[in-house]
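Peer 1: Letter by letter, the chains look like this.
2 protein chains.
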Amino acid sequence: MSETTLVTAAILVIGDEILSGRTKDKNIGYIAEYLTAVGIDLREVRIVPDDEDEIVTAVRVLSGRYTYLFTTGGIGPTHDDITADCIAKAAGVGIDHDPRAVAMLRERFPNPADLNEARLRMARIPFGAELIDNPISRAPGFMLGNIIVMAGVPSIMQAMFENVLPRLKTGTKLLAQSIDSGGRPEGAYASGLGAVQKAFEGVIIGSYPSFDGKRFQNQIVVRARDEVLLKAAAEAVQAMLDGLPPQA
Amino acid sequence: MSETTLVTAAILVIGDEILSGRTKDKNIGYIAEYLTAVGIDLREVRIVPDDEDEIVTAVRVLSGRYTYLFTTGGIGPTHDDITADCIAKAAGVGIDHDPRAVAMLRERFPNPADLNEARLRMARIPFGAELIDNPISRAPGFMLGNIIVMAGVPSIMQAMFENVLPRLKTGTKLLAQSIDSGGRPEGAYASGLGAVQKAFEGVIIGSYPSFDGKRFQNQIVVRARDEVLLKAAAEAVQAMLDGLPPQA
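First to last, the protein sequences are chains A and B. Start counting the first sequence at 1; every next residue gets the next number (my numbering). Start counting the second sequence at 1001; every next residue gets the next number (my numbering).
Note that these hints are calculated values from the structure, not bench results. Just to be clear, a hint being listed does not mean it is correct.
[What the hints assert, rightly or not] In silico EDC-like pairs for lysine to aspartate or glutamate, Cα to Cα no more than 16 Å straight-line:
{"#": "1", "chain 1": "A", "residue 1": "Lys89", "chain 2": "A", "residue 2": "Asp41"}
{"#": "2", "chain 1": "B", "residue 1": "Lys1024", "chain 2": "A", "residue 2": "Glu54"}
{"#": "3", "chain 1": "A", "residue 1": "Lys26", "chain 2": "B", "residue 2": "Asp1051"}
{"#": "4", "chain 1": "B", "residue 1": "Lys1089", "chain 2": "B", "residue 2": "Asp1051"}
{"#": "5", "chain 1": "A", "residue 1": "Lys24", "chain 2": "B", "residue 2": "Glu1033"}
[As the list claims (entries may be wrong)] Derived contacts from chain B toward chain A, CB cut-off under 8 Å, selection only:
{"#": "6", "residue": "Gly1021"}
{"#": "7", "residue": "Ala1032"}
{"#": "8", "residue": "Ile1047"}
{"#": "9", "residue": "Val1048"}
{"#": "10", "residue": "Ala1239"}
Glycine residues also receive a C-beta, built at the ideal position from the N, C-alpha and C atoms.
Model the full structure from these sequences, guided by the hints.
Peer 2: Printed below as a string of C-alpha cells:
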C-alpha cells in the first residue's frame, strides 16, 4: 500500500448575517467539495458572529488543530468588518496598511479622493501575510501562516480560493464510491452494512437517505485513500445488498 | 423601554457527508431564519464528523454556553448513526430502547420481522428525554434538557423543528430593517455608517454587499430589540445616505 499523507482543514464563517438567516451561506459546500477533490480533509466548520472575542478564540483553536484554516467574511470597508484585525490579534502580530494592498486599491480607485479612509481599511493586512489576489474588486485576501482569509461574497471567495490553492500542500485523496441501495430501506441493510464496515478497517462507510416527499432513496458511500481497498469494500457492500431477501 | 429577554441557541450539524461536500446542508439557513423570527438568537454553528469524541465535546461546550442546542443528523438505523449515544454520553445519562419510541416504530413496521435490531436502534433514547414526533418516518427526535436532537433529512428536520418549537421559551425579537444603499458603494458610506453605529448603542448595523457578476448591490441592515430605537437608527442611516455628495 502506498504511503498516505493527511492534510486537514477547518472553515470559519464570520458574519451576523449568516446566523440571522438573512444570508444563506454558499461557501461551505463549495469549499468542502473542492477540498475533498484536491486531497485536503475538511474536519470542522464553525460559524461565529462579528464579535472580536468569538472570532479570535475560534481562529486560535482551529488554526492550532488543523493543517489549514479558511475564513470567509468580514474583510470589507465598513465598521463591522473586523476579520483582519482579529486574525492579527489571534496570531499575535501587528497590522497596518500594506503598501502592496494599497497599490491594488489605487488601481481600482485612481482618484485619490475616492481612496478614502474606509476603503484603505481593506488594505490593513497583518504583518508577515502573503496577499491573495482579488480579480473582481481588487481588495485582497491574505494568508498568514496556515490561516487563509477570504471574502464572504461567493464569487470573490471562489476567485481567491482558486488563487491560493496552488500554494497549499495536499494529501492523499479520499476516494469515494456511491452505491444505490436499489430501493431498499436503510433498516433492511443496516445490519449487513455494519458487518461490512467492521470487516474493512481504514474504509469509511456511510448511508445517506434523502426524501423527495414521497419515498426515501438511499445512497451508501464507501470512502478510502487506497483504490484497491475501496474497490474491495464497495464489492462487499454490493454483495451484501444482493444477498438480502427479496423485498416485500 | 420594555424589558428584554435574551434566549440564545447553537446548531451542531453532525455528518461526514456535509464535510466531504457530498451533501450540501440545507438545515442551517432554515433554522437560523426561523429562530430569528421567533425571538431566539442563533449565536454559533458547528459542523463535525461522525466521530464520538468530536460530537461529545461539541455537545458539552455548546449546550453549556447557550439556552438551546439544536443538533441535526445521525439518528438513523445504520452504524454511522451515533448521535443518540453521544448525547447520552455528553449528558452523563444512560440510554436504552424507549417503549414510547418502540411503539412509534411498531406503527410503521407492524410486522415484527421488519422491526429488526437495526431499526430498533432508532428507538434508543437517552434516559429522561422527551420525544419529538416525526410524522414522516416515525422514528422520533428527542429533547434532553436543553439539547434538541433532530434528523438530518431536511423535510423530517423541519417537521421535528415545528413540533418542538412550542415547548421552547423565546425572547424579545431582534427586529430588523433593511435599507438599500441606492447604488452607492460601501466605501462611499462606510465612514458615515460607522458614525451612526457609534451614536446608537444597542443597535447592530451591518452592511452586506452582493455581486451579480457585473456590479455590487449593498444592503444596510439595522437590528434592535426596541422598535423606537430601530426606527431612529434606520432614519439616521437614511439621512446619512441622503447627505452624501452625488455619485460620479
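Peer 1: Each of the hints needs a verdict: does it hold here or not?
Peer 2: Okay, the hints, checked on the actual structure:
With a CA separation close to 27 Å, the supplied pair A:Lys89 and A:Asp41 exceeds the 16 Å bound. With a CA separation close to 25 Å, the supplied pair B:Lys1024 and A:Glu54 exceeds the 16 Å bound. Distance hint between A:Lys26 and B:Asp1051 is unfulfilled; the C-alpha atoms sit about 25 Å from each other, more than 16 Å. Between B:Lys1089 and B:Asp1051 the alpha-carbon distance is near 13 Å, which keeps this suggested pair within the 16 Å criterion.
A hinted pair counts as satisfied when its Cα atoms are at most 16 Å apart, and A:Lys24 with B:Glu1033 qualifies at roughly 9 Å. Because the smallest distance between the Cβ of B:Gly1021 and any Cβ of chain A comes to about 3 Å, under 8 Å, the interface hint for this residue holds. For B:Ala1032, the suggested interface contact is upheld, since its CB lies about 3 Å from the closest CB of chain A, less than 8 Å. At a threshold of 8 Å, the smallest CB-CB gap from B:Ile1047 to chain A is about 4 Å, leaving the interface hint in force.
Against a cut-off of 8 Å between C-beta atoms, the interface hint on B:Val1048 holds, since the closest Cβ of chain A lies about 6 Å away. At about 17 Å, the closest approach between the beta carbon of B:Ala1239 and any beta carbon in chain A exceeds 8 Å, and the interface hint on this residue is violated.
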